[in-house]
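> Each chain, written out:
There are 2 protein chains.
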Amino acid sequence: MIGRLNHIAIAVPDLAAATALYRDTLGGDVSEPQTLPEHGVTVVFVNLPNTKVELLEPLGEGSPIAKYLDSNPSGGMHHVCYEVDDIIAARDRLSEQGARVLGDGEPKIGAHGKPVLFLHPKDFNGTLVELEQV
Amino acid sequence: MIGRLNHIAIAVPDLAAATALYRDTLGGDVSEPQTLPEHGVTVVFVNLPNTKVELLEPLGEGSPIAKYLDSNPSGGMHHVCYEVDDIIAARDRLSEQGARVLGDGEPKIGAHGKPVLFLHPKDFNGTLVELEQV
Numbered sequence: 001m002i003g004r005l006n007h008i009a010i011a012v013p014d015l016a017a018a019t020a021l022y023r024d025t026l027g028g029d030v031s032e033p034q035t036l037p038e039h040g041v042t043v044v045f046v047n048l049p050n051t052k053v054e055l056l057e058p059l060g061e062g063s064p065i066a067k068y069l070d071s072n073p074s075g076g077m078h079h080v081c082y083e084v085d086d087i088i089a090a091r092d093r094l095s096e097q098g099a100r101v102l103g104d105g106e107p108k109i110g111a112h113g114k115p116v117l118f119l120h121p122k123d124f125n126g127t128l129v130e131l132e133q134v
Numbered sequence: 001m002i003g004r005l006n007h008i009a010i011a012v013p014d015l016a017a018a019t020a021l022y023r024d025t026l027g028g029d030v031s032e033p034q035t036l037p038e039h040g041v042t043v044v045f046v047n048l049p050n051t052k053v054e055l056l057e058p059l060g061e062g063s064p065i066a067k068y069l070d071s072n073p074s075g076g077m078h079h080v081c082y083e084v085d086d087i088i089a090a091r092d093r094l095s096e097q098g099a100r101v102l103g104d105g106e107p108k109i110g111a112h113g114k115p116v117l118f119l120h121p122k123d124f125n126g127t128l129v130e131l132e133q134v
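Chains A and B, in that order, are what the protein sequence lines are.
In terms of UniProt numbering, the first sequence is numbered consecutively and its last residue is 134.
In terms of UniProt numbering, the second sequence is numbered consecutively and its last residue is 134.
Just so you know, not all the hints are guaranteed correct.
[To be verified] Capping the alpha-carbon separation at 20 Å, the derived lysine to any residue pairs in SDA-like fashion look like this: (1) B:67 / A:67; (2) B:122 / A:68; (3) A:122 / B:85; (4) B:122 / A:121; (5) B:67 / A:71; (6) A:67 / B:52; (7) A:122 / B:122; (8) B:52 / A:113; (9) B:122 / A:1; (10) B:52 / A:68; (11) B:122 / A:69; (12) A:67 / A:121; (13) A:52 / B:68; (14) B:122 / A:13; (15) B:122 / A:116; (16) A:108 / B:126; (17) B:67 / A:28; (18) A:52 / B:40; (19) B:122 / A:76; (20) A:67 / A:38.
These aren't lab readings, by the way, just hints derived from the structure by calculation.
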């Protein structure tokens, strides 16, 4: 069912500093920042040959990333995103197997303009899993 | 400098249960377990079309994963591994930029039989970074 690793996401307290780190120290190819107010984040992508790293900084009130940074002030690995062909079929299969889908269980439109769902980290060894239909 | 994302590693308290989760619930292609006594881990790889997820269970006394699981009993994202062409050149560049290399700074042979180094998570937004020469 799961296909490509679409991205890994890293929460960071200072997006400009993190972008400079990935660009200058690690020599990565970084995007311009994109503000996504409906997700409460500003995002920079580090484009690798086979996948992406998504650097996430909180944006606005109630950002889910702000809560994460309260517990992890210097940042950390926030989630992984796997691609699926059919997000509704994936959701139904996961629910049948007892995995919990976050929110109301309906896909939302994610950072790439495609339907996404998040799965409860307690059901996946402490790892927040995003599924994206591609 | 950084090339492909070679893998993301997830520490798990029960490798058999995690393997079943990734195989049966997420529908991933999982490897047989491999014991790596010199690294203090037993590993299962989830082979995705573009990269791998490495599931890590502690093996033996003093496993670095055991310490991680003490703080994160249900598991969690442990590290990310980027490929580099020349690990010595990468190390020297990183050191010049102020990033700390763990251990004695000399590459060790990793799970794939290739030279690896780990970078201090405090220098990379709370993310433990492995570099592997390919």
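> Please go over all the hints and tell whether each is borne out by the structure.
Results for each hint:
no.	hint	in the structure
1	B:67 / A:67	25 Å, violated
2	B:122 / A:68	16 Å, holds
3	A:122 / B:85	37 Å, violated
4	B:122 / A:121	23 Å, violated
5	B:67 / A:71	19 Å, holds
6	A:67 / B:52	29 Å, violated
7	A:122 / B:122	25 Å, violated
8	B:52 / A:113	25 Å, violated
9	B:122 / A:1	35 Å, violated
10	B:52 / A:68	26 Å, violated
11	B:122 / A:69	14 Å, holds
12	A:67 / A:121	15 Å, holds
13	A:52 / B:68	25 Å, violated
14	B:122 / A:13	13 Å, holds
15	B:122 / A:116	31 Å, violated
16	A:108 / B:126	28 Å, violated
17	B:67 / A:28	31 Å, violated
18	A:52 / B:40	29 Å, violated
19	B:122 / A:76	10 Å, holds
20	A:67 / A:38	16 Å, holds
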